[in-house]
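Asker: Residue numbers (the numbering used here), protein chains in the order written: chain A, -12 to 293; chain B, 1210 to 1455.
Warning: the hint list may mix true and false statements.
SDA-like, lysine to any residue: derived pairs with alpha carbons at most 25 Å apart [what the hints assert, rightly or not]:
hint : chain 1 : residue 1 : chain 2 : residue 2
1    : B       : Lys1347   : B       : Arg1307
2    : B       : Lys1362   : A       : Cys229
3    : B       : Lys1292   : A       : Ser6
4    : B       : Lys1344   : A       : Leu2
Far from chain B, by Cβ distances over 12 Å, these chain A residues were calculated [what the hints assert, rightly or not]:
hint : residue
5    : Gln0
6    : Met54
7    : Gly107
8    : Lys133
9    : Ser142
10   : Pro143
11   : Ala177
12   : Ile197
Calculated directly from the structure, the hints in this document are not laboratory data.
Note that this is a predicted model, so its numbers are computed, not measured.
Just so you know, even glycine gets a beta-carbon here, dropped at the ideal spot from N, CA and C.
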Amino acid sequence: MSSRASALITRKQELPLHSDATGLFLEIMISIAVFLFAVTLAGVLSINSMLSAWNNSILGSLTIQIMPVNTVDIQKSREETLLHQDKVVEFFKSLPEVESATPLSDDQLWALLQPWLGDGINILELPTPRIIDVRIKHGEVIDYPKLAERLIDVSPLASLDNHKLWLNKLINFADGLKVLAMSILVLVVAISTGAIFYTTQTNLGLHRNIIEILHIMGAKDAYIAQQYAKRDAFIGFFGGVCGLVFAVPTIFMIAHLAAQIEGGIINEAKLDFFSWGLILSLPLFSALIAMLTAYYTVKRTLEKMM
Amino acid sequence: MFFSGVLILFNHATIGEPAIIEMKDVCIRYDQGPEILSDINLALKRGSFHFLTGKSGAGKTSLLSLMYLAQHPSRGILNVFGKNVNFTDRDEMAILRRRIGVVFQDFRLIEHLSAFDNVALPLRVCNMNEKEVKKRVKELLCWVELDKHMYDKTSTLSGGEKQRIAIARAVINRPDVLLADEPTGNVDNDIARKLMKLFIELNKLGTTVVIATHSDKLITDFPYPRLHLNNGGLRIYEPRDFIRGV
């Protein structure tokens, strides 16, 4: 280590900022801010992944429903409905935009209906509609109204459901949540910055005498501002780490609770590697924000002093 | 009459040589209060030595604070090292201050720092190499006989020791101007004489010295011109006037 570097480490700072009560206050405040920020950010990123999954499902698939043929004989109705289903499957397979058209099996239909109908009911004895899952080729655009018209020509019992109607409501709701969460993030940053600003100003008042001496000795404003920036960068980083220590288990706990919800809607909300990287780097951001806020607050305040 | 001495106003500096500190119709007032000092005209040339005298409250500290750029004049023009301070930016002011050494009446040391760190302050604010800082500070602390207290906090030192640290801090940077507010007020006669010899040596090396003092003994023992403040005005007396009893 060079003598200059070792001197910087062993040398006492002219401003006694390390023994300051405002330092502890800032550290606690930044911990809370980073905790809130991390949890909210995890929420925003999850909502994003959820929206992306939903959008992909809208873009990449559609569902065809074939109503059962209305006859008294259940067996005959089933056979005729299956004929309609085959015609519709053939129709979709002939379309160049379509990747696959797969009718749902009896078991899959039963799995869908069971939550509503309960156990002990034989699906084969009921006039159940048939469902075909159609996958669209990536990048292909479908003209839905035109497709719906052609589908009626193939089978008057078939109807097209492109998920858009009900998913749009969910997407709007999720978008609203995202805006709310983003507002919370902005608020957390604003409050933290404000707190750093006012504690730094208070601190400058407390050490006014030393600052005057430093000025008289020929110190530039930047020399004084650097001492505050250095101290607040450390506080920002350690406060950030403390906040993260509480935030990570909280995120896991919320994720675990969300996974309990059935239906697969929330399950789409997953944090990928990039999202975790972003959350874990929050102490660096809090250090940077604290450092810059302190530096510019000191510079601005000193301009009003001698 | 008390102020009937030879008046040397305005151009005290040698003609042709720019004054190191120059005041033209300078006045100081705090907030909306009355003027503490009015229409001060002064020009200190390089290598001059002056005592600054006046009753308590006459404005000696205020005048010194103008000289060490702790404040701007409320009115008038103040040039320091040829720069008009009203048109000098903050960073440039800091660089000008580095050329001025100040000894305060109340020492103004940083209490939580050691004697060494206090004396090192003017060098460190200039980002001087730490090896050079150590060398210079140790040398000077030995000279003021405080090498044994080098790493003691200044809060544990006596008034006289603090005074010597304050003086060491003021001269460590080999300033062009040395301003001292009652520098011998807290030390015994031997130390006072030694400090005065230091100031005279620095002056011989070209440092401009201004010493604010109440001590008649100092003024008679060391016959230098006197800047006298009275009723907010400044008059300058040559040593012979004081000897004659004006």
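Asker: Each hint needs a verdict: does it hold in this structure or not?
Answerer: Evaluated hints:
For the suggested pair lysine 1347/B and arginine 1307/B, the alpha carbons sit about 20 Å apart, so the restraint of at most 25 Å is met. Simply put, lysine 1362/B and cysteine 229/A have alpha-carbon atoms about 35 Å apart, too far for the 25 Å limit, and the pair is violated. At most 25 Å may separate the alpha-carbon atoms for a hinted pair to count; lysine 1292/B and serine 6/A exceed this at roughly 40 Å. Proximity of lysine 1344/B to leucine 2/A is assessed by CA-CA distance (about 24 Å); at most 25 Å being required, the pair is judged to hold.
Residue-level check failed: glutamine 0/A sits 9 Å from the nearest beta carbon of chain B, not beyond 12 Å. Non-interface status of methionine 54/A relative to chain B is upheld: no Cβ of that chain comes within 12 Å, the nearest being about 82 Å off. No beta-carbon of chain B is positioned within 12 Å of the beta-carbon of glycine 107/A; the least distance is around 83 Å. Distance check on lysine 133/A: its Cβ is at least 72 Å (rounded) from any Cβ of chain B, clearing the 12 Å threshold; non-interface status holds.
The Cβ of serine 142/A sits about 83 Å from the closest Cβ of chain B, beyond the 12 Å cut-off, so the non-interface label holds. A cut-off of 12 Å between C-beta atoms confirms that proline 143/A is not in contact with chain B; the least separation is 84 Å. At the 12 Å boundary, the C-beta of alanine 177/A stays outside the reach of chain B, the nearest C-beta of that chain being 29 Å off. The non-interface label for isoleucine 197/A is inconsistent with chain B: the shortest C-beta to C-beta separation is roughly 6 Å, within 12 Å.
Of the hints listed earlier, those the structure fails to meet are numbers 2, 3, 5, 12, in rising order.
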